[in-house]
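Novice: Just so you know, the protein sequences line up as chains X and D, in that order.
With the working numbering, the residue at position 59 of the first sequence is 46, and numbering never jumps.
With the working numbering, the residue at position 65 of the second sequence is 982, and numbering never jumps.
Please note that the accuracy of each hint is not assured.
[As the list claims (entries may be wrong)] Partial pick of chain X residues on the chain D-facing surface, computed with a CB cut under 8 Å:
{"hint": "1", "residue": "M2"}
{"hint": "2", "residue": "K28"}
{"hint": "3", "residue": "F51"}
{"hint": "4", "residue": "P53"}
{"hint": "5", "residue": "K54"}
{"hint": "6", "residue": "D72"}
{"hint": "7", "residue": "S73"}
{"hint": "8", "residue": "F77"}
{"hint": "9", "residue": "E95"}
[Said to hold, decoys possible] SDA-like cross-link-like pairs, simulated, lysine to any residue; straight-line CA separation at most 25 Å:
{"hint": "10", "chain 1": "X", "residue 1": "K28", "chain 2": "D", "residue 2": "R1024"}
{"hint": "11", "chain 1": "X", "residue 1": "K39", "chain 2": "X", "residue 2": "L102"}
{"hint": "12", "chain 1": "X", "residue 1": "K58", "chain 2": "X", "residue 2": "K27"}
{"hint": "13", "chain 1": "X", "residue 1": "K28", "chain 2": "D", "residue 2": "G971"}
{"hint": "14", "chain 1": "X", "residue 1": "K31", "chain 2": "D", "residue 2": "E932"}
{"hint": "15", "chain 1": "X", "residue 1": "K27", "chain 2": "X", "residue 2": "E40"}
{"hint": "16", "chain 1": "X", "residue 1": "K31", "chain 2": "D", "residue 2": "K1016"}
None of these hints come from the bench; they were simulated from the model.
A quick note: this is a predicted structure, and the numbers were derived from the prediction, not measured.
Built from N, CA and C at the ideal position, the CB exists for glycine as well.
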Amino acid sequence: DTAVSQTPKYLVTQMGNDKSIKCEQNLGHDTMYWYKQDSKKFLKIMFSYNNKELIINETVPNRFSPKSPDKAHLNLHINSLELGDSAVYFCASSQDWREGAGELFFGEGSRLTVL
Amino acid sequence: EDQVTQSPEALRLQEGESSSLNCSYTVSGLRGLFWYRQDPGKGPEFLFTLYSAGEEKEKERLKATLTKKESFLHITAPKPEDSATYLCAVRGIKAAGNKLTFGGGTRVLVKP
């Protein structure tokens, strides 16, 4: 029944490793997002996809690569993890962004800790 | 670039003690101002959207208002279950796609 689900909820890994976070939404939305929330609680957008097409790509290192196999899924792969990547990553979805929907539905977050 | 500043950072209230949270924003043109609630270990949950100065929205003990420079979230007679972090976000006319710019939030603790 979960509207936006992301896995895993917790990730602890060593510097230099590669990791992936998966996200799925069952709301029938067309637009999906990845946000990063740092230790000061600021939420910053990283990427947005609309029906598998990339529409927002903020200033994010190339080590971060999103992939959207279909409009219900948006995964995030991170290469060569660094200490500064430690944060909570939130997946979200909304109606088609061109319709001006500001209501985002967020997942519960994936807490990434890089040692 | 769109900017959002929320104050105070933290607020401790006694149950029943009404208060207001502030969200100051700078945008080239406002397409929407949004309030979200975030509980510990959870994702933000949508509360309100405001589009133009003078607009107000209410939900239970919460009331959001909007001026040309700021928004207030008024909590009337809060209960312990209102304890959460409240996030404000804006979407400006120059923002790509559906990009929202969030403030740092106000952590509210309501004591019984």
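Novice: Please go over all the hints and tell whether each is borne out by the structure.
Specialist: Now the hints, each set against the structure:
no.	hint	in the structure
1	M2	violated, 25 Å
2	K28	holds, 5 Å
3	F51	violated, 17 Å
4	P53	violated, 13 Å
5	K54	violated, 18 Å
6	D72	violated, 19 Å
7	S73	violated, 16 Å
8	F77	holds, 5 Å
9	E95	holds, 5 Å
10	X:K28 x D:R1024	holds, 10 Å
11	X:K39 x X:L102	violated, 33 Å
12	X:K58 x X:K27	violated, 31 Å
13	X:K28 x D:G971	violated, 29 Å
14	X:K31 x D:E932	violated, 32 Å
15	X:K27 x X:E40	violated, 31 Å
16	X:K31 x D:K1016	holds, 9 Å
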